[in-house]
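A.B. asks: Keeping their order, the protein sequence lines are chains L and R. Residue numbers for the first sequence follow my numbering, beginning at 2 and rising by one. Residue numbers for the second sequence follow my numbering, beginning at 2 and rising by one.
Hints may be right or wrong, so weigh each one.
Note that the list lumps identical chains together, so a pair holds whenever it fits in one copy or between two copies.
To be verified - Taking lysine-lysine pairs in the DSSO-like style, the calculated list, with each CA pair at most 30 Å apart, reads:
| no. | residue 1 | residue 2 |
| --- | --- | --- |
| 1 | 70 | 94 |
| 2 | 82 | 72 |
| 3 | 52 | 69 |
| 4 | 72 | 4 |
| 5 | 52 | 97 |
| 6 | 11 | 56 |
| 7 | 70 | 52 |
Quick caveat, the hints were computed from the structure, so don't treat them as lab data. In this text the structure is predicted, and so the values were computed from the model without any measurement.
Protein chains: 2
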Amino acid sequence: MKKIIANLNKSFDNKVRLGIMSVLMVNEWVDFNTFKDMLDLTDGRLASHIKALEKDEYIIIEKVFFNKKPKTSYKASKSGKKAFNEHLNALEKLLKTRK
Amino acid sequence: MKKIIANLNKSFDNKVRLGIMSVLMVNEWVDFNTFKDMLDLTDGRLASHIKALEKDEYIIIEKVFFNKKPKTSYKASKSGKKAFNEHLNALEKLLKTRK
DNA sequence: TAAAAGTACTTTGAATTTCAAAGTTAAGTA
DNA sequence: TACTTAACTTTGAAATTCAAAGTACTTTTA
């Protein structure tokens, strides 16, 4: 009997991190405030989940000044996209599971 | 701006509970030991997640004796199926998200 | 030039969740 | 009567999550 949940990635069980990665799969660069609006989060909560993904090296951070304001943007790393795709594949398989 | 993760159900973020519900979407009744094998879990861990789903009234428990051995089986309740489907719809929407 | 405001955090602490390990109960079998 | 199996329950510790408050840096405003 195979272990049908073994390939789900723990980094993506939290819905905030799931949201961040989903957005980064279809948008190259996304900035802090866009995430904040899309996911409806406080600064601290967003920052902490971003930090977790950064620690896993799933996202890459770039800080620039735009219109004389700091604008931090994020994109998925290659390994981040790979890990997220593998997670989605595991999810998809799970949802088709039969005994 | 809509909140793209608001409709994800907290009861299904854990991979064990996700696994249990996935199995119960395609199998009417599933027993304790089948779950244990499919999900590769200890008794305690499986029982605690089952208990959580039961508390939410997402699953229904039936205890019978089969071959003179106790055999506890579980099935998804109507509200459990509904909640799980809503969660999957929210997931699907999220994964198609664009800015 | 001093104060206020905006952006993007960091820190703190508490609540909640998760899990392994050990203990329990109830019935069946030797 | 001891032993086994199935299905839990309990305990306690570790990990996770989150809100709230605080901070650093820069620009704007008075």
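A.B. asks: Hint by hint, note whether the structure agrees.
C.D. replies: Here is what the structure says about each hint:
In this assembly of identical chains, residue 70 and residue 94 lie within 30 Å of each other by CA distance neither inside one copy nor across copies; the values are 44 Å within and 33 Å between. With identical chains, the CA atoms of residue 82 and residue 72 are at most 30 Å apart within one copy only, with a shortest distance of 23 Å there and 43 Å across copies. In the homo-oligomer, the alpha carbons of residue 52 and residue 69 lie at most 30 Å apart inside one protomer (25 Å), although the nearest pairing across protomers, at 54 Å, exceeds that limit. With identical chains, the CA atoms of residue 72 and residue 4 are at most 30 Å apart between copies only, with a shortest distance of 22 Å across copies and 43 Å within one.
Taking CA atoms no more than 30 Å apart as the test, residue 52 paired with residue 97 passes between copies only; the shortest distance there is 24 Å, against 33 Å inside one copy. Proximity of residue 11 to residue 56 under the C-alpha cut-off of 30 Å is found in both arrangements, the shortest distances being 14 Å within a copy and 24 Å between copies. In this assembly of identical chains, the alpha carbons of residue 70 and residue 52 lie at most 30 Å apart only when taken from the same copy (21 Å versus 50 Å across copies).
This entry does not satisfy hint 1, going by the numbered hints stated previously; all others are met.
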